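**Student:** Starting from the known structure of chain A, arrange chain B on it as the hints suggest.
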Amino acid sequence: MLAFIIRRCLTTIPVMLLVATGVFLLLKLTPGDPVGVILGPDASEDRRAALRDQLGLNDPLLQQYGRWLWDAAHGDLGDSLFLDRPVLTAIGQRAQPTLMLTAIAVVVTVLIGFPAGIIAAQNRGGWVDIGTMALAMIGISIPTFWLGLNLILIFGVKLRWLPVAGYKPLSAGVWESLQYLILPGITLGAAQAALLARMTRSMMLDVLNQDYVRTARAKGLIERRVVYAHALRNAMLPLINIVGLAVAALLGGAVVTEQIFNIPGVGRLLIQAIGRRDVPLVQGTVLVTAGIYVLVNLVVDIVCAALDPRVRQS
Amino acid sequence: MSGSLSLPVREDVLAAGLRPRPNAFTRARRVIRLYPNILVGSVLLGLVVIAAVFANLLMTHSPTLQAPSDRLLPPSLDHFFGTDGQGRDVYSRMIKGSQLSLIVGVGVSVITAVAGGLIGLVAGFMPRFDGPIMRVMDGLMAFPSIILAIGIMAVRGAAVSNVIIALTVVNVPRMARVVRAVTISTKEMQYVEAAQSVGISTPRLLLRHVLPNCLSPMIVQTSFVFAEAVLGEATLSFLGAGAPPDVPSWGGMLSESRIFLRNAAWTMLAPGAALTLTVFALNLLGDGIRDLLDPRLRNR
Chain A
94 MLAFIIRRCL TTIPVMLLVA TGVFLLLKLT PGDPVGVILG PDASEDRRAA
144 LRDQLGLNDP LLQQYGRWLW DAAHGDLGDS LFLDRPVLTA IGQRAQPTLM
194 LTAIAVVVTV LIGFPAGIIA AQNRGGWVDI GTMALAMIGI SIPTFWLGLN
244 LILIFGVKLR WLPVAGYKPL SAGVWESLQY LILPGITLGA AQAALLARMT
294 RSMMLDVLNQ DYVRTARAKG LIERRVVYAH ALRNAMLPLI NIVGLAVAAL
344 LGGAVVTEQI FNIPGVGRLL IQAIGRRDVP LVQGTVLVTA GIYVLVNLVV
394 DIVCAALDPR VRQS
Chain B
523 MSGSLSLPVR EDVLAAGLRP RPNAFTRARR VIRLYPNILV GSVLLGLVVI
573 AAVFANLLMT HSPTLQAPSD RLLPPSLDHF FGTDGQGRDV YSRMIKGSQL
623 SLIVGVGVSV ITAVAGGLIG LVAGFMPRFD GPIMRVMDGL MAFPSIILAI
673 GIMAVRGAAV SNVIIALTVV NVPRMARVVR AVTISTKEMQ YVEAAQSVGI
723 STPRLLLRHV LPNCLSPMIV QTSFVFAEAV LGEATLSFLG AGAPPDVPSW
773 GGMLSESRIF LRNAAWTMLA PGAALTLTVF ALNLLGDGIR DLLDPRLRNR
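Those protein sequences? They're chains A and B, same order as listed.
The opening position of the first sequence corresponds to residue 94 in the working numbering, with each subsequent residue numbered one higher.
The opening position of the second sequence corresponds to residue 523 in the working numbering, with each subsequent residue numbered one higher.
In isolation and in its complexed conformation, chain A is listed as follows:
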């Protein structure tokens, strides 16, 4: 097990290196001069040259690349051009809403996806199955932002049950904070819940056809025990993988959801940074998001290996 964990951790190093390289190239390929962005169009040529020198933009590309990697590896992602603080601090200040939103979306995904898939599999071919799967198909197809707008229209504008947009930090009280995240959480989680429901159904059907399930039935177990104690346990393994992928997808999807609901999270920070051509901030946000994404995948793989010796050996 330890060998697997070490081996799996080592494979993330080249991936992160590639990601960091990609992000660096992103900066270099961006049209426009960072010096012009910082100083504005009216700055004198002397000041421009001085700042360019100070930022190390006159050094050879390889040297700049080396410095960027070195700094990034030490947790220094540079300073934001507009926010007047280190990139990492800026991201940290915006992290709470994004993490809360993702967490709620994960809860929505799991609470809807698993039961829907299990119920559909148990009623295979019946109306419940067809209805659930049709809903899941719509859930996969409906764009997050349209779902979000509809939810705002129904529950925010017409029924006035929940706030239309915005965010209150946890320090303002749990319910106070939560009610701002219910609609966004459902919006973000719906597609992944639909996906999970489809996968759960498919896995359950697979498992329910196995010999040991027939044996369990033959020895007279009640159906509930057959499904939950025998079948579900074996169907869970691949599904944990799917849930892990869902967490990663939700982190990325938060960009759109934050935009719809005006939630001041990392996603909105990224969009604002792009709008202002704040290159270090764009770079840092993309790198941190990709890093978390890689980390989540790593954790998922390790959890799967811990649960299933077959994964460990391959």
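No lab work stands behind these hints: they were computed from the structure.
Here the structure is a predicted model, which means the values were calculated and not measured.
Do not take every clue at face value.
Which bits of chain A does chain B cover? Going by a derived footprint, with three or more residues having C-beta under 8 Å, they are [said to hold, decoys possible]: (1) 98 to 111; (2) 177 to 183; (3) 243 to 256; (4) 303 to 314; (5) 348 to 358; (6) 364 to 376; (7) 383 to 389.
Taking CB as the label site, the calculated pair distances span [to be verified]: (8) A:V404 to B:M648: 22 to 30 Å; (9) B:I706 to A:L95: 23 to 31 Å; (10) B:R549 to A:I275: 49 to 57 Å; (11) A:V250 to B:N578: 30 to 38 Å.
Stretch by stretch, here's where chain A covers chain B in the computed footprint (C-beta under 8 Å, at least three residues) [claimed, not checked]: (12) 650 to 662; (13) 760 to 767; (14) 778 to 790.
Each residue gets a CB set at the ideal place from its N, CA and C atoms; glycine is no exception.
**Tutor:** Okay, now just chain B, sitting in the frame of chain A:
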């Protein structure tokens, strides 16, 4: 005695063999009965294609002409789905928007199939290139796809061609993985070995003998890439990182409709429904094609 040894005769199989080969129409009808997803998906997608091809005939107003005096009119006989914040006809913009969606969808899925197919073939067949190629693919897949696409758009600027490039880069790694997996298993087959032993060139071997084996998973993957691309284009436009603002796009229309949610909800109804329906049709079609090509997966 002989009766007990003979295999049971499947009357239905025998009958099917003796029956004359059904004509195309009968076969199509059978496919549709077995795979209703394909029927529903194609009909819905057909509507979108018709809207895109005959856009000029179907539009009742100019999709880009601004008319400040007609701002935010509710749906009426003159404006089927009302007008938006700049007095433009929502119905006509919805029709026009189908063109962008389909152009991006077709562009991304074709380029992804070709590029991802080639990369997958090479990586799967030549172990020397496998490691480096797949590490780069892993690197690309390490970014959440929408963030990678936004990043590419930020670098390259707002243009339809850039939207296609960004969404292709996002989708190629998945296609390459699928093709690579099939290539690796095909490589071991005897007919490939036979072809190699008679001295066939590697490109010819790959294209003539290995590629056909990869086609069905590629077709299935392509239909999902198409759906992803349509959704991706709308998402980029919604975030303001997609096609230029003067090109009517469903995502762009939805983005503009946000501020009118309270008093003119119709501005978001038509483009959202059109987008959902298109993606729905493509997903149905993808599911249907997958079942058709691999009947073992039916009813799953």
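**Student:** Are the hints correct? Go through all of them and say.
**Tutor:** Hints versus structure:
1. Here's how the stretch 98 to 111 of chain A fares: 4 of its residues keep a CB closer than 8 Å to some CB of chain B, so the rule of at least three is met and the hint holds.
2. Counting residues of the stretch 177 to 183 of chain A whose beta-carbon sits less than 8 Å from any beta-carbon of chain B gives 0, not enough to reach three: the coverage restraint is violated.
3. Against chain B, the stretch 243 to 256 of chain A contributes 4 residues with a C-beta closer than 8 Å to a partner C-beta. That satisfies the three-residue criterion, and the hint holds.
4. Coverage of the stretch 303 to 314 of chain A by chain B is violated [criterion: at least 3 residues with CB-CB distance below 8 Å; count 0].
5. Note: the stretch 348 to 358 of chain A has 4 residues with beta-carbon separation from chain B under 8 Å; the three-residue rule is met and the coverage holds.
6. Counting residues of the stretch 364 to 376 of chain A whose C-beta lies closer than 8 Å to any C-beta of chain B gives 4; at least three are required, and the coverage claim holds.
7. With a threshold of 8 Å between beta carbons, the proposed coverage of the stretch 383 to 389 of chain A by chain B holds, since 3 of its residues qualify and at least three are required.
8. Distance hint for V404 (chain A) and M648 (chain B): a CB-CB separation of about 28 Å, consistent with the stated range 22 to 30 Å.
9. A hinted range of 23 to 31 Å for the beta carbons of I706 (chain B) and L95 (chain A) is consistent with their spacing of about 29 Å.
10. Our hint of 49 to 57 Å for R549 (chain B) and I275 (chain A) holds, since their Cβ atoms are close to 50 Å apart.
11. Checking the proposed 30 to 38 Å range against V250 (chain A) and N578 (chain B) shows it holds: the Cβ atoms sit about 36 Å from each other.
12. Chain A is given as covering the stretch 650 to 662 of chain B, and this holds because 5 residues of the stretch bring a CB closer than 8 Å to a CB of that chain, at least three being needed.
13. Evaluation of the coverage hint for the stretch 760 to 767 of chain B: fulfilled, as 4 residues show C-beta separations to chain A shorter than 8 Å, against a requirement of three.
14. Counting residues of the stretch 778 to 790 of chain B whose beta carbon lies closer than 8 Å to any beta carbon of chain A gives 6, which meets the minimum of three for the stated coverage.
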